[in-house]
Amino acid sequence: MRQLLVIALVAAFGVGCAPVEGPTPPAASASASPIRSRPVDGTPRRSVLDTGLPPGIAEASFQLDTGGDQGSATKQAGLEVVVRFARVELRQTVASCDEPALGSALGGGSNGLLEVALCGAEFWLTTGDGKVIAKRHAEQGSDLEVANIQLPDGIVQATRPKDSMP
Amino acid sequence: MSDDLAKLPPAQLAGFYRRLATAVDGRKGVLRVSLASLLMNHWLDNRDRNSTFVFDAPEHLRNHSQVTDVLAYHRKVFLTEEKARVGPKTSKWAGVLPRLLGNAPYAKWDGKLPLPLEYQSLVEIPLRYQVTGSDADKDLLYALHGFQLKSKVVLSFDHSAPAPAKQVRLAFDEFSAQVIDRYDWDYTEHLTVPNPDYQSKEADAVKPGSDRVVVFHSNARRLEEAGLAAPYNLQTNAWRMTDQRLIDRAQVDLSRKL
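So the sequence lines, in the order shown, correspond to chains A and B.
Letter by letter, the first sequence follows residues 56 to 221 in the working numbering.
Letter by letter, the second sequence follows residues 113 to 370 in the working numbering.
Please note that the accuracy of each hint is not assured.
Claimed, not checked - Away from chain A, derived, C-beta distances all over 10 Å, residues of chain B:
(1) 123
(2) 219
(3) 278
(4) 317
(5) 329
What the hints assert, rightly or not - Taking lysine-lysine pairs in the DSS-like style, the calculated list, with each CA pair at most 25 Å apart, reads:
(6) 217/A x 190/A
(7) 220/B x 201/B
(8) 278/B x 220/B
(9) 204/B x 190/A
(10) 220/B x 217/A
(11) 204/B x 278/B
(12) 201/B x 224/B
(13) 313/B x 188/B
(14) 188/B x 319/B
(15) 278/B x 217/A
(16) 369/B x 278/B
(17) 190/A x 195/B
(18) 224/B x 188/B
(19) 190/A x 201/B
(20) 319/B x 224/B
(21) 195/B x 220/B
(22) 369/B x 204/B
(23) 190/A x 220/B
As the list claims (entries may be wrong) - Listed next, the stretches of chain A that the computed footprint assigns to chain B, with coverage defined by at least 3 CB atoms under 8 Å from CB atoms of chain B:
(24) 111–124
(25) 152–164
(26) 175–181
(27) 204–218
Calculated directly from the structure, the hints in this document are not laboratory data.
Cβ atoms here follow ideal geometry from the backbone N, Cα and C, with glycine treated the same way.
So that you can see chain B by itself, here it is in the shape it has in the complex:
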């Protein structure tokens, strides 16, 4: 498989990647914003590999089932309703109940002050979405693929109704989430993309006779070494949960054995 970009000087290579980002945005379908295009353009604009790009999570990211399913799992971990996954065959109890019971290594929580808790795990956008996915599925796959989802809650005792014996009622005073990732290429890999230069008459067009082109990520390294792009950390601004299933009051049984 030949590398059609290998002979391009860095400035022309940057132009190709910019046209690719524009073409990706042009195919965003029903989405308001193409995250794949936004992040590739930021990579081309960026010059500081230690920088963090902060942006608002688009609706199709916040509401994606892959994200909301993980948030529902986080709620269960916070409430000690489901174990935190350690590995394929192991898991452990975490969240509020060990703190209510004061089990080491958890500091005891007596409910006098609100309790902030965080949990961070992965969201993996499945590779099968390249074939079967919606516009949103594909955009998140190509923009992020695997990423971190961090949740933060603030719990307090809910005294609005009496709790049964040996139980406490808890309210979610806050429940917010944030996506975290790093945008950097694996230089040993490659990607087949629709060719943004297909049928182009421009002098610097790449393989205009072909509707697709293989992009070797070694070219991304070449661009970064030429100072025309840089990897970066990314994080979204935190967003607050409004879904009642996530923020509803809960009851925790203090007599449960962990």
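Extracted from the complex, chain A is given alone in its bound form:
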């Protein structure tokens, strides 16, 4: 439905036909396109953090990527697995969807199940045996592993990072 709306807007207003009145610039009608999905990663992207975690500690969580859309066409959100240890951050997009959801209201937080997320399917983030694993959970049948990240030697499992909300 939303795709149809975007297509209709592009057709209706096209290049240079957006209004110039208002508090902010008119939108990117010229480059508006149907809702774009975000690319899913086969392996994690690695970056170096300015501030590291203490030795022996690893953190893992799901996060959403909603960037790159101001002044642009509507984009799906990316569901990312984020793992941090020492000054290393590993980030892997495992799904792209219109209506993602995160949070403890969905379950998790016990027995190695760190977190549950929704993004076109149900995803579980688990940890143990020196790994962080994200799976697409199936109510019936087998779960499908979508990320498998090895923690450094000596770290058996990751914990959830401190919440950004007080």
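Please build the complex by placing chain B on the supplied structure of chain A, with the hints as guidance.
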């Protein structure tokens, strides 16, 4: 379509973007603050792409119907009154009832201690607001477009009145929310904007004869590569709900089948 900014050296390009942010602020209409201008200015000031810009959510963001509608949905998910959306055709029960019942993968909650819960989903400011929107609609569309809304509640058993059999009464000890997003440009796209240099006599004015100009976001990349701007994460300080419809006590039926 020509890129009128392509030939500008980075310092002049930064000047154009700064004038654009100023012009946006000048057209904020009834709003106290233009978030689109604030965030563009921060992008120009920023040099650390891993940084997080934290600010108070302006009133027109906190009270926008697109936001309050999602907060009302979050309340229903917390109270297991509405299913959490998984995809276009699927949804699942979440929130407090599976915890009261101890259904895996939820840890059982016996009500002896307060229960904190979080839920985070998207708010999408519709593109149609570029045509039909109010000052607030347009500001949020151009500042954020799609963003994350995170809610946090603390629930406790409400013993102020007896609950009917097989039901519990719950109180919202806390209900707060926060907006989260990343400010970065899609370098493959472009935007037609009112030209801040229209009728300007300055030597470095861009296309002063035209009242609008197309800004290709490849110029944003050029600016970032020159060290004159940087993308960033953004989050608002959490704000507390005061709307009684959101924080009112609720009753949960333990005999419901999920």
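**Request:** Tell me, in ascending order, the numbers of any earlier hints that this structure violates.
**Result:** 2, 5, 7, 12, 13, 14, 15, 20, 27
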